[in-house]
Each structure stands twice: as structure tokens, then as C-alpha cells.
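Peer 1: Respectively, the protein sequence lines represent chains A and B. Taken in order, the first sequence gives residues 1 to 211; the numbers are from the working numbering. Taken in order, the second sequence gives residues 1 to 835; the numbers are from the working numbering.
Careful: at least some of the hints might be erroneous.
[Unchecked claim] Which chain A residues face chain B? A few, computed with CB under 7 Å, are given here:
hint, residue
1, Gln41
2, Arg65
3, Pro95
4, Thr96
5, Val128
6, Pro157
Calculated from the structure, these hints are not laboratory results. Here a beta-carbon is modelled for each residue, glycine too, at the ideal position from N, C-alpha and C.
Take a look at the letters that make up each chain.
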Amino acid sequence: MRLRFKGLFSTAIAIAIGAIILLGALLPVGGLVAIRAVLLQWAVILAAVALVVGVFNLLRVHYGRISAREKGSFYSILLVVFMLITVTLGLFLGPTDPTVMLLFNAIQVPVEASLTAVLAVTLLYASVRLLRWRTDLVAVIFIATAVVILLGTAPLPFLGSVPVLGDLIRPFVAQVLAAGGARGILMGVALGTLTTGLRILFGADRPYGSK
Amino acid sequence: MAEARCPVCNTPNPENQENCLVCGARLRVTTEPLPPIRAGQEPTPKSTSELERTLPGWLRDLRSGGGEQQPSPTPVDPPQASQPTQSTPDDLLAGLSGDLFTAPSEEAPAPDFLSGLSGAAGEEEEEAPDWLKALQGSLPADTAPATDQPAQGGLSDWFQAEQEPETEGNGFIESLAQETPALHEETSEEVADWLRSLDTQSPSALRSATPAQEAGVPSSQDGESPDWLSELGGEAIPSAFVEPAAATVPDEAPPAETPDWLSAPGAEAETPGLEGFAFPAEEAPPAAPQTPASETDLPDWVTAQGEAIFPASQEPPTQPMPESSLDGLDWLKGMGVPAESQPQDPGTFDPNDLPAWLSTQEAPARATAETPDWLSGGSLEEASLTAPPKALAEEGVPPAQPPPAQAFLEDDSLPEIASAAEPFSMEMPDWLSGITPAEKPQPRQREAEDQGAPTLSPGELPSWVQSMRPVESILSDSESAEEEGTLEQKGPLAGLRNVLPLAATGFGIRKPPAYANKLSLDETQQAGASLLESIMAAETTARPAKALQRVTSARLLRWLIALVLIVAVAVPSLLNTQFAPSNTLLPPETLAAANQVGALQAGAPVLVVLDYEPGLSGELEAAAAPVIDHLMIQGMRLAFISTSPAGPLLTERLLGKFQGIHGYQPNQQYVNLGYLPGGPAGIAAFAAAPSAVVRYTITSAPAWETSALAGVSSFSDFAAVLVVTDSVDAGRAWIEQSGPALGQAPLLMAISAQAEPIIRPYYDAGQVSGLVTGLVGGAAYEQVIGKTGLGRQYWDALSASFLAAEVFIVAGSVWGLFAALRTRRKKQENDEALP
Chain A
1 MRLRFKGLFS TAIAIAIGAI ILLGALLPVG GLVAIRAVLL QWAVILAAVA LVVGVFNLLR
61 VHYGRISARE KGSFYSILLV VFMLITVTLG LFLGPTDPTV MLLFNAIQVP VEASLTAVLA
121 VTLLYASVRL LRWRTDLVAV IFIATAVVIL LGTAPLPFLG SVPVLGDLIR PFVAQVLAAG
181 GARGILMGVA LGTLTTGLRI LFGADRPYGS K
Chain B
1 MAEARCPVCN TPNPENQENC LVCGARLRVT TEPLPPIRAG QEPTPKSTSE LERTLPGWLR
61 DLRSGGGEQQ PSPTPVDPPQ ASQPTQSTPD DLLAGLSGDL FTAPSEEAPA PDFLSGLSGA
121 AGEEEEEAPD WLKALQGSLP ADTAPATDQP AQGGLSDWFQ AEQEPETEGN GFIESLAQET
181 PALHEETSEE VADWLRSLDT QSPSALRSAT PAQEAGVPSS QDGESPDWLS ELGGEAIPSA
241 FVEPAAATVP DEAPPAETPD WLSAPGAEAE TPGLEGFAFP AEEAPPAAPQ TPASETDLPD
301 WVTAQGEAIF PASQEPPTQP MPESSLDGLD WLKGMGVPAE SQPQDPGTFD PNDLPAWLST
361 QEAPARATAE TPDWLSGGSL EEASLTAPPK ALAEEGVPPA QPPPAQAFLE DDSLPEIASA
421 AEPFSMEMPD WLSGITPAEK PQPRQREAED QGAPTLSPGE LPSWVQSMRP VESILSDSES
481 AEEEGTLEQK GPLAGLRNVL PLAATGFGIR KPPAYANKLS LDETQQAGAS LLESIMAAET
541 TARPAKALQR VTSARLLRWL IALVLIVAVA VPSLLNTQFA PSNTLLPPET LAAANQVGAL
601 QAGAPVLVVL DYEPGLSGEL EAAAAPVIDH LMIQGMRLAF ISTSPAGPLL TERLLGKFQG
661 IHGYQPNQQY VNLGYLPGGP AGIAAFAAAP SAVVRYTITS APAWETSALA GVSSFSDFAA
721 VLVVTDSVDA GRAWIEQSGP ALGQAPLLMA ISAQAEPIIR PYYDAGQVSG LVTGLVGGAA
781 YEQVIGKTGL GRQYWDALSA SFLAAEVFIV AGSVWGLFAA LRTRRKKQEN DEALP
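Sequences are here, hints too, so could you generate the full structure?
Peer 2: Next comes the structure, spelled out in C-alpha cells:
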């Protein structure tokens, strides 16, 4: 009975807030807009707190690995150490401090950029080996499309843009074929989001913990 | 007027008379031809008249003279009387047949065999043997017959009267041999010997030998008859022979000359000795009224015995014979004949009354287990058939008479007799063949059970019966009998044939067949076996170890790709080359973005959203830098915000590149609002009430109080919104959540190339006013604004890296395609190579 009441209360809150936010977006009424703004602010605060909670959760997890002396705990130690250092530097020095910016520009940006670069090499290697692994029409189309986009995107050294490819084929592929597929994806995402929102509003889905 | 002559007394009788007016014998034979006897089988009627051709020569000779019935007072020799070995038994049988069967008269047509027999007997008369003549002389002349007719004389007389065409005592055997040719031929030679010896014996010796046997086997009904004769009759004539005669000729009376001991059974057409054990007293056919024989007509020894046995009356005794008197009649007891059927009166029989010669013969007989040696010690063939009569005579034993043939035929355990007689069944008279041994045993056995007499089980045969079994002598020469089955050699079934199942006799035992150990397989089975064998061989055959894969090939390729890309990117960047020509064709969205920026009022607040990750900072900075540079060129106040935690630092990183160029100062020309949490909700909230959501800058200064955000209270107060993002979701969130709140202000986007397909629809839909995509877009934007920035700086590197990537992809794809085809071909070849 208690659980049922709790569930009903949670569902009622979720439905009510959803309805207010929806009505506030559709009906720019003063009260609704104010309530909607307040609720959205609560959401931002909760998201920020969730981020902090996430940071603490990350610290706890890696602390647990360090305490358990699990494999890779050394990296956990580094993570925890540098997290604390960053937090400490950020809290005390500020995020715009040159030291913090140095740490950011010298560590985080190159690391993530390197990962992206590795991703570029890996994708290229996969493209090279694709037809050896899979010699079907889709693979051939994939490879052909990639080559066409690359040739049409950037000009060849000393040669410039490949005629037809840069101004016709590449735009056609990127703006028609890819855009068409992307629109379909977006439409699907929109319908899914709408359905999910309605289900939450109707209480069919209760992602807030209750069944 | 025709008249029927009596076959017994030869007295003419009226034609319509059935019985003789004198002797009462039946004038007509009423018996019907009967089928031959077969052991264990029902007889089948046969007509022997059509089988005359198969008759032996002597019998045909007899038949040839059958029409002549010439009474002859002299004994008649058998057809082969010149051969003493055959004539003697024939005579004896003939004499017996005269007792057993009624001789047909001329008026009453007799059966063929009888007619022929009588004729033959009449034609071939011979003198009686000496012994019989002596016997005739010793017999009284007026032996009282058993019938009403008075005795006509001695033995020869009654033989003559009884068998006119036949002879005296030898005729008994002769007639029997004629009517049982099978037995006659079977034993003719052996019997002839002993009969010859018997014939050659002196009457005294015969007389001394016969009572000795008689003493051991006293007659049951007619003690007057000599036992040797009765036994002889019993041996020679089975009960099957006797029974029909007794049944069909009950009223025949022996001739007057016939002595009582012989005429009485003769009236009943049976041998007295046989009758006693063949039928119970109750079942004995009614005999014709018999006149007690005169003792003067009987020999002494017969008279003495007759007195001892029947002292009071001549009626057949019906009282049971004592066991003591049956000591010598084990064969008789063994036949299951009830004691009552033995008409011997125990009280009247006194062994002491026996004559001396009989007593002397009885003593040794009783000394030897109360059974005569010839009967107990020897088998049938030994005692009666094979033993030389002379040797027997020397031992003081009378000529061994075959045991009663009735025992053979009535005994079910002795089918050999019947089987032995089968070959001769065609030659047997019809009336004889019709007599089966199975006719009488049932009432006899029933009577025996009623009287409580012990029945003889097949396994408890008396020794003398076992010894008499015709194991080899009778049936050894019969090939047909041997073909019928296995002859038992041991046990109670010894002498019997084909009585056990074949399996029990080992007939089914044979050497087991030799089976080949080679399998006979058809083609399908052989193919399956070959396949299985090849599979097994493949499993057991060591496969060559797989060559170690060159891991270095893929790794080398990766390193080569990386190296090439690094070189392609680094060399142009480091060398600041300009080998890649810029795009001559500017993207329209980029131009739109530049136009929108260019259209902004100078000093207007512009919201710049930096939602990208540090890893894509290179691309997005190159794409966003020309726009931001353009904004700074325009003197716009910039407010930076990010939905990514790294956004604020990226903002500082990006602005740091322009610090030296445009001199923008934080909180004055630009403000870093920091991180906007909540995703779409935070965007929506910020769009709804920016000042309420973000109150402070990254430096903890009141954001809405800075000069950069002066005059901005709502989201729509921003003159433009520039969203720099690599994330589709972030771009969508800003477009969807802030678009309605933005109002007429343009929403510009600088995105990564990977987000173009998703963001472009918003541009195409008008929700995004300008779009700068990736490095290409940034380079193009630089071209638009006429400045050289990161776009151009990275352009050669981009061109070179793209070229390297294109080469790698094309080369690798071609190589991979051929490699795949080669691999597929090898696989197909391997598949084809496999069976």
C-alpha cells in the first residue's frame, strides 16, 4: 500500500511536471512559463548535482578498485589523483587559471585529440581491409562512397578539386542521400521522443524508479 | 436241388440253410473283406480278388484248384511239399486253419482265398508227418468233440473231418501259412527247420516235449488241448486272425473226429490257448454247444491235464487262474488279460496231477524263474526261429514255438509286426487284412480295469515280451521299414520304430554350416564404408600445422597508415605548405553563415555555444575560428556557454587564440558563462530564462551584470546564436530548445563534418541560418571573410591526409578484393578436392 502510494505520487509528479512543461512550451501563459522556468531550473540544478554526484561516484569506484588492489588500480590511482588535483586547482585557482588551462591544453586536449586521430587511422585501416573481410555490394558501396566523399571534400594536392565529384557527386551524396537518411533518423527520433514523453505523461513508463 | 455242403463235416445241407444241420457250422461265410492291418492305423478295405496276379505262385496254384473240393482222408501237403522246409509248417497251419476258419462249401461260395486254399489242399495231399501219424495213432478214436457231433476217431480223423481237403496236424500250420503268407514267407525257412526237426522227432520226444511246455502254460479254457499246439496256434495266428473267425463262425462245430481240446476251440475258430488271453470270458463269442470230449479219445497226457484242469465239467472255466498257475504265463499276464479271463480253476489245478513227463518238464521250467528257458532266456528269434531244433531237442526243451503272435499285434508297443506285415498285406486275405489289433484291446482293457487287474505299462514289459521283440530278425531285412524311421535299440521302446520325434533321435543334429566371414556388401554399403573409412583416416591423419599468421602484416599496415597520415598531416602543418588549392566553390550554408554574421549589428551580444569535446577541438576550432574571428571583427559581444563540462576550458582555449589578435577581454567583450547542465532541459531553461539559469561566469562574476551581457535579459536578446558542436544531439537540442526562444535572431552552427548529415536538414528547414561544416567549411568561411586561419593552415594537411586515405582505401580495397577472390577460389578448390 505504501509502495502503491509512493508510485502514484511519483507518477503524479512526473505527469504534472511534464504537462506543465508541455503546456508552457505550447501556451506562453505567464504562470505556466514561470512555473516551467522554475521547473527547468530545478532540472538544471539537479543535473548539475547529478554531475557532482557522478564525480563522487567515479571517485568511489576507483577508490574501491584501489582498495581492492584490483588489476589496473594504478590507473585508478592516477585518475583519482589527477581528478583531485584538477578539482583542487579548479576550485582554488579557477578554471581559467593558466595552470589549469595548461593542464587542460597539455593533457586533456591532446589526449582526446590523439584518440580521435587513432580513430582516424583505425577507420582508414578498416576501410583498407574491408573488401578483404567482406566482399559484398554493401562493402563496395561503402568504400566507393567514402572515396567519393574524400575526393569531393578536399582537393587533391597540386590538383585541386576533382571535377564533378566536388560539386556534384559529393554534395548529392552528402546533402541528398545522407540528409535523407538523416531526416528519417530524425523523424524516428522525434516520434520516439514524443511517444516516450506521452507514455511518461500517461504513466505508462515510469523511468523514475517505480514500475 | 442245390445243396450246401458243410465245410466242417462235409454234410450236405439245404441251400437255404445257414448252419450245418449236423455240426452247426456256418455254411456261408458272411465276413466281408477287410483292409490290411497297419500298425496304429485304421485299416482300409481292399479287394484281393483283383490282386490275384500278385499272389505268390503257390497261392495261385492253390487258387487254380480251388474249384475242386475233394475231400481226402489223407493229409495234404502244401504246394511245395517236395520241400520239407515249407511243407511242414504249411501243414501245421493248414490244420490250424481248419480249426479257425470255416471251409467254404461248394454250394456256398466261399471267398476266393478259401476256395483256392481248399482246392490246393485237396489236390496236393501228402502223408502226414511221422510224428503226427504217431500222434494220431496214440489218440483215441472217439475223442469227444466240442460240438454235438460225436467224435469220429483219432487225430487224423478229426483233422480229416475238420479239414477234408487238408491234412492232419500239419494242415493246421499249412492253412495258417496259406492265410498268412507273409508270416509264412518270413519265417518259412527257420520254422521249417524246427518243424522239420519236429517232424523228424519221435512221437515220444514230441510227447515229452510238448507237455513240458504245456505245463508251463496251462490253457485257460481248454486244458484238453495241447499247449504246444495252442501256443503254436497262438504264435502263428494272431488274435486278429482269431477274432473274426470267432465272431463270424461262432456256431461252427468241429467235426466229430476232432478231439475236444481241439474241436472246442475249433468251434470257436480260435486256438484255445489264444482264446484264453485274447478275449475275456464275457466277451468270448458264444461257442456252439460242445459235447464233453471223451477221455478215451484223448491222449493220456491230454487227459491227465484235462482232468487236472477241468475235473468237474467241460465248460470253460471262468474262474480266475491263480497266480501260481500263471507263473509260466508271464506273457499272458503281461498282456493285461484279467485273471478272471483265465478260466483255470486254481482249486482244481494240481501240478502233482500232471503226468510224470509233464512234471519232469515242469521242474526245470519252474527252477528257471518259473519260465521256460526257451521263453525267458531267449528272444523270439533265438527260441523259435533261429535256434536249431535239434539243439533244443537235445536240451530237452521242446521246439521253441513262437510266442503268441497275438501278443505282438495286440501290444501297441510293437508296431514292427504290423510294419513287417505291410509288405505282405497285399497278399493277405481280405478278411485277415480287415482284422486290426485295435478292435479288441479296448474292451479287454476296460474289463481288466474293472476287475482291478494290473495293466501293463509300456515301460514295464515282461522280460519275455522284450526278448520276443522282433528287433532284428523280423525287420532287419525290411528296407521299407528302415526307411520309415529310426529303430530304437534300447529301453522299453527297443524294437520300435519311429516312435520318438526326430529331434529326440538326433535326426536334426548335423554339422553346423560354415559361414563365410566375408561380408557381402552392395555398392551403397561399400560407398558408405569407404566414406566412413576416409573420415576416420582424415581424423587420424596429422594435419600440417598452420603457418603462424604474420601479425606484423596488419600491424605494419596500421603503423604504415598511421605514419602516412601523420606525415600527411604534420608535414603540411609544420611546413605551412600551400600545395593544396582552396575550393573554388564555397558551400552555400557557409556563405549563409558568413552573411548572417556579416549582417549582425556591431557590438550586439552573440551567444556562442561551444559544445564539443577536446578531441575534436582541432576540426571545430578550425571551423568555428573563422566565424568567431568574423564576429570579433564585427565587434560583437560574445557570451560563451557550453553544455559540456570541458566547454568552458575549450572556450578559454579558443579565445586564447584570438587574444592576441582582437584583444577581447573577459567579462568585457566576452563572458564565459561556463557549463550549462541539464542537457536539453538546461538549454530549454537557459533559453527560457538565461539569467535565471546561469547567474555567474566562469570566473564567478555575475554574468548578467558584465558589460558583455549588458542589455541581455532573455534569450531572444542575443543577436545571434552560434552553436559549435560535434554532437548531433547537442546541435539538435540547441536547435529544438532554443530555436523558439531565439526569435528572429539567426542560429548559426559550426559543426563537425560527421554531424553534417543530421544538422543539414535543420539548415535546409530554415531552423539554422548558416552552417559551417568542418575544416572545409572553416576554410571556405575564411575564404569568404578573406582571412587565413586554421582552415588554410590545415588545408594542405587535410588534402594530403585525404589523399593518403584515398590511396590507402583504394589500394587496400583492390588488394583485398583480389585476396578475397583468391581465398574464395582456394576454398572452392579445397571444397572440390574434398570427396
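Peer 1: For every hint, state whether the structure bears it out.
Peer 2: Verification of the supplied hints:
1. Because the beta carbon of Gln41 (chain A) sits about 5 Å from the nearest beta carbon in chain B, less than 7 Å, this interface hint is met.
2. With a cut of 7 Å, the hint placing Arg65 (chain A) at the interface with chain B is violated, because the nearest CB-to-CB distance is about 23 Å.
3. Interface hint at Pro95 (chain A): satisfied, since its Cβ lies 5 Å from the closest Cβ of chain B, which is below the 7 Å cut-off.
4. Contact between Thr96 (chain A) and chain B, as hinted, is supported at the beta carbon level, the nearest pair being about 5 Å apart and thus within 7 Å.
5. Of the supplied interface hints, the one on Val128 (chain A) holds, with its beta-carbon coming within about 3 Å of a beta-carbon of chain B, less than 7 Å.
6. Of the supplied interface hints, the one on Pro157 (chain A) holds, with its beta-carbon coming within about 5 Å of a beta-carbon of chain B, less than 7 Å.
Hint violations for this structure: number 2 only, all remaining hints satisfied.
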